[in-house]
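In order, the protein sequences belong to chains A and B.
Mapping of the first sequence onto numbering that gives the first Met the number 0: position 80 corresponds to residue 79, and the numbering continues sequentially without gaps.
Mapping of the second sequence onto numbering that gives the first Met the number 0: position 80 corresponds to residue 79, and the numbering continues sequentially without gaps.
Hints are computed from structural coordinates only; laboratory data are not their basis.
A couple of the hints might just be wrong.
If several chains are the same, the list does not tell them apart, and a pair holds so long as it fits within one copy or across any two.
As the list claims (entries may be wrong) - When the alpha-carbon atoms are kept at most 20 Å apart in a straight line, the in silico DMTMM-like pairs for lysine to aspartate or glutamate are as follows:
1. 12 / 32
2. 155 / 43
3. 17 / 32
4. 125 / 82
5. 145 / 82
6. 145 / 87
7. 173 / 110
8. 155 / 45
9. 5 / 43
10. 178 / 113
Quantities reported herein were computed from a predicted structural model and do not represent experimental measurements.
Protein chains: 2
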Amino acid sequence: MELSEKLVLALPKGRILKEVMPLVNKAGIIPEDDFDDPKSRKLEFDTNIQNLTIIRVRAFDAATFVACGAAHLGVVGNDVLQEFGYSDLYSPLDLDIGHCRLSLAMPESEDSADPREWSHIRVATKYPNMTRDYYAQRGVQAECIKLNGAMELAPKLGLSRRIVDLVSTGGTLKANQLKEVEVLTHITSRLVVNRPAFKTRPSEVSYWIDRFREAISDGTTA
Amino acid sequence: MELSEKLVLALPKGRILKEVMPLVNKAGIIPEDDFDDPKSRKLEFDTNIQNLTIIRVRAFDAATFVACGAAHLGVVGNDVLQEFGYSDLYSPLDLDIGHCRLSLAMPESEDSADPREWSHIRVATKYPNMTRDYYAQRGVQAECIKLNGAMELAPKLGLSRRIVDLVSTGGTLKANQLKEVEVLTHITSRLVVNRPAFKTRPSEVSYWIDRFREAISDGTTA
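With the sequences and hints as input, model every part of the structure.
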């Protein structure tokens, strides 16, 4: 198997992509035209930098590609970093985008007794590891039902009274008569680096970390 | 927690939904207008049947909702049934839609020695359980890297030479210079039923199984 000499940057599809592209551009990277076509089925894109390509994958997969060394750099939320705990991911830079929080929510109509008094909870979540760990540290056993989306249906249909989900404005919770009871963690997107790549190609990887660092400070002074 | 008296039918978002709706309609179920609006953020829909609502969720989640009894009926591919092996899912009816197969693929350029001669493989897949089980039965140890999409990138970027992925026409594989080496299983969508619901509400659940059975035979004679 021939390993690509190119550096690969893994970006997450969806909401975060819109926030990250201004930074990518400021860092000096312009992807080929197809990249802006939401209907394109292409997965890998050339850029104006001869030695750098971009892949556009799901948020969880961006972390996997970088952790396994198939991508060298990536943009990953610390929700994903914490959920999977990959040892080969180095996260040198907070990009200050993708702000949200991972929170426990339950129906507005129910009594939200102090979380410290709970001993066992049943929770629907996309983040079973983080949820279990967070509550285990507080002496609460969290039984998790893994869902990939539509968490808000769980309390409505009696799957679980509680959910642990990403919350941004809180509008979705409100629309579903749910209230935010407890914040498990605050989330932003990070620039992540494959740790072995950082050792074997230090000058290239450092170069791009520096470009992204400049792009961020550029943004805050603008 | 008040349990809904309504029967809940869980349908999968995306490609399968288009194939399943003619059957749902033939079975006598017409969802409210919003259902056809792809931009609607609604998750639960009333129907012309006073006692029946539809939820539209991801394919994996449809199985989870029915397995846990939060939905009573659902449409689920046997890929999902096999991957998760839920004990409380009863699958009485093959809907004869959503035909595809779960296959092992690798780069066209590589020698695809007889799978029976392998002893260890590294595979990127959305179906780690099925992949491990399938190869374990053949004496092959499959080391799986879980991806949620974009499996075709894995061989290209050196994540794994092999992938196990859903194949329909084979067009995506071909476009990525991959060849189908071995079919793990053939897939269709099934009508599934929550097993306890089948015991506690037998006449209602049987009624809908019969309506779907009629809808299928209606389709084949049309």
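Structure-based check of each hint:
In this homomeric assembly, residue 12 and residue 32 come within 20 Å of each other (Cα to Cα) only inside a single copy, at 16 Å, whereas the closest approach across copies is 29 Å. Taking identical chains as interchangeable, the C-alpha atoms of residue 155 and residue 43 lie at most 20 Å apart only when they sit on different chains, with a minimum of 10 Å there against 40 Å within one chain. Proximity of residue 17 and residue 32 under a CA criterion of 20 Å is satisfied intra-copy only: 15 Å inside one chain copy versus 31 Å between copies. Taking the shortest alpha-carbon separations for residue 125 and residue 82, both the intra-copy value of 9 Å and the inter-copy value of 18 Å come in at or below 20 Å.
In this homomeric assembly, residue 145 and residue 82 come within 20 Å of each other (Cα to Cα) both inside a single copy, at 13 Å, and across copies, at 14 Å. For the identical chains of this complex, residue 145 and residue 87 are inter-copy neighbours only, at 16 Å across copies versus 25 Å inside a copy, given an alpha-carbon limit of 20 Å. Taking identical chains as interchangeable, the C-alpha atoms of residue 173 and residue 110 lie at most 20 Å apart only when both belong to the same chain, with a minimum of 16 Å there against 56 Å between chains. Proximity of residue 155 and residue 45 under a CA criterion of 20 Å is satisfied inter-copy only: 14 Å between copies versus 45 Å inside one chain copy.
Taking identical chains as interchangeable, the C-alpha atoms of residue 5 and residue 43 lie at most 20 Å apart only when both belong to the same chain, with a minimum of 12 Å there against 46 Å between chains. Proximity of residue 178 and residue 113 under a CA criterion of 20 Å is satisfied intra-copy only: 14 Å inside one chain copy versus 56 Å between copies.
In this structure, none of the earlier numbered hints is contradicted; all agree with it.
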